[in-house]
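One-letter residues, chain by chain:
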Amino acid sequence: MWVSIIRTAILYMFVILGLRLMGKRQIGHMQPNELVITILISEIATMAIQNLTQPVLLSVLTIFILVSLEIIISFIAMKSNIMRKILNGHSAVVIKDGVIDQKLLKQLRLTVSDLMEILRQKDVFNIEQVQYAILETNGSISVLLKPENRTATVQDVGASNQDTGIPALVISDGVVINEGLKLAETDTKKLKHILDTHRLEYQDVFLMTLDRTGNHIIIRKE
Amino acid sequence: MKRVFIACALIAIVCVICSIGSWYLQNTYKVIDGMLDEVLKYYEQDDMQKAAEAAVDLEKEWVKRERYLSFFIDHQKVDEIGISITRLQTLALSKDYSDLLTECKLAKIMLLHVVNDEKVSIQSVL
Numbered sequence: 142m143w144v145s146i147i148r149t150a151i152l153y154m155f156v157i158l159g160l161r162l163m164g165k166r167q168i169g170h171m172q173p174n175e176l177v178i179t180i181l182i183s184e185i186a187t188m189a190i191q192n193l194t195q196p197v198l199l200s201v202l203t204i205f206i207l208v209s210l211e212i213i214i215s216f217i218a219m220k221s222n223i224m225r226k227i228l229n230g231h232s233a234v235v236i237k238d239g240v241i242d243q244k245l246l247k248q249l250r251l252t253v254s255d256l257m258e259i260l261r262q263k264d265v266f267n268i269e270q271v272q273y274a275i276l277e278t279n280g281s282i283s284v285l286l287k288p289e290n291r292t293a294t295v296q297d298v299g300a301s302n303q304d305t306g307i308p309a310l311v312i313s314d315g316v317v318i319n320e321g322l323k324l325a326e327t328d329t330k331k332l333k334h335i336l337d338t339h340r341l342e343y344q345d346v347f348l349m350t351l352d353r354t355g356n357h358i359i360i361r362k363e
Numbered sequence: 056m057k058r059v060f061i062a063c064a065l066i067a068i069v070c071v072i073c074s075i076g077s078w079y080l081q082n083t084y085k086v087i088d089g090m091l092d093e094v095l096k097y098y099e100q101d102d103m104q105k106a107a108e109a110a111v112d113l114e115k116e117w118v119k120r121e122r123y124l125s126f127f128i129d130h131q132k133v134d135e136i137g138i139s140i141t142r143l144q145t146l147a148l149s150k151d152y153s154d155l156l157t158e159c160k161l162a163k164i165m166l167l168h169v170v171n172d173e174k175v176s177i178q179s180v181l
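Chains as they are written, first to last, in this note's numbering: chain A, 142 to 363; chain B, 56 to 181.
Think of the hints as simulated: they come from the structure by calculation, not from any bench. Beta carbons: idealized from backbone N, C-alpha and C, even for Gly. Possibly wrong hints are sitting among the right ones.
Each computed DSBU-like pair below joins lysine-lysine, with the alpha-carbon atoms no more than 30 Å apart [stated by the list, open to error]: (1) Lys57/B to Lys226/A; (2) Lys160/B to Lys85/B; (3) Lys237/A to Lys287/A; (4) Lys57/B to Lys323/A; (5) Lys105/B to Lys163/B; (6) Lys331/A to Lys362/A; (7) Lys220/A to Lys57/B; (8) Lys163/B to Lys119/B; (9) Lys115/B to Lys150/B.
Covered by chain A, according to a simulated footprint, are these stretches of chain B (three or more residues, beta-carbon under 8 Å) [stated by the list, open to error]: (10) 63-70; (11) 121-130.
Next comes chain A alone, as it looks inside the complex (with noise of 0.2 Å):
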């Protein structure tokens, strides 16, 4: 039994390891290759796991070499236009200018349906509006909407546009956050001044943003 949890946590521990390693990235995400290596992980942590006559140590190195060749393997693809087009195919246009390419649909053994519904994800309700609609390696599909379909940006409407930076975390629960005070290019004399004008401390703040322009958002302990 204890033997069992022992083995268990040393391959949750090797596991997460060799995830760690091979990079961040949402199943969503996965290349082929990335998806593959992933499964085969778990079914040799599971294996080790069940099996308690076969070595930890066995599955530890292979799960290791796993993550090792698919590093290896991905910056291969990096460096190499040949080896990424193996490993990960290459992204297909199925719709221009609104215009289905259903020859290539068949190919991709993607349905219509299949395909509208991924657009409708998208808020596309209407292929006509769609300029280019591309399949990525991941399975994705990325749109890109006829100029007259796209959503107006601060740009094409004149309006200001101030960089404001990203609203940072600076106090959590009462205490100061170092990393969202420097994202938010501000120190904690600045942010003592900011308190003193709401009168307030740092133990009497539940959370608060603020970003490098100085606008602030403060909600109080209860």
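Keeping the supplied structure of chain A fixed, place chain B upon it in accordance with the hints.
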């Protein structure tokens, strides 16, 4: 680039561990197989007392080595060889000739199988 270096280092570490494992297994095979041959030699000379003594030495040596073998060999296989080796002394003392011979040969074959499974060859890879 840092990750690539880490990956290469990991592969190198894995290769070193595998090489050490293979070397240890080969070494164990040579020693244990030699000791099994010794038991068989005394069996053929009909000296069961010496066969039993050789079996005791063999068991001690096996116990010493099996804990390291379990790091990289299936525990069940290691246990099966261990059971065969443990039985040898009793069989020699009870002068059970046919069972002693069978158990000796069985231990030798099981050990050889383990070694062959770990050898890099088309059969073991495929």
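Okay, the hints, checked on the actual structure:
1. Lys57/B to Lys226/A: holds (24 Å)
2. Lys160/B to Lys85/B: Within the cut-off at roughly 15 Å; holds.
3. Lys237/A to Lys287/A: holds (10 Å)
4. Lys57/B to Lys323/A: Given pair lysine 57/B, lysine 323/A holds - Cα atoms ~27 Å apart, limit 30 Å.
5. Lys105/B to Lys163/B: holds (19 Å)
6. Lys331/A to Lys362/A: holds (21 Å)
7. Lys220/A to Lys57/B: Distance ~15 Å between lysine 220/A and lysine 57/B Cα, so the pair holds.
8. Lys163/B to Lys119/B: Judged against 30 Å, a Cα distance of about 18 Å means the pair holds.
9. Lys115/B to Lys150/B: Since the Cα atoms of lysine 115/B and lysine 150/B sit roughly 21 Å apart, the hinted pair holds (cutoff 30 Å).
10. 63-70: holds (count 5)
11. 121-130: That given contact holds, which follows from 6 residues of the stretch 121-130 of chain B lying within Cβ reach (below 8 Å) of chain A.
Checked against the numbered hints given earlier, this structure breaks none of them.
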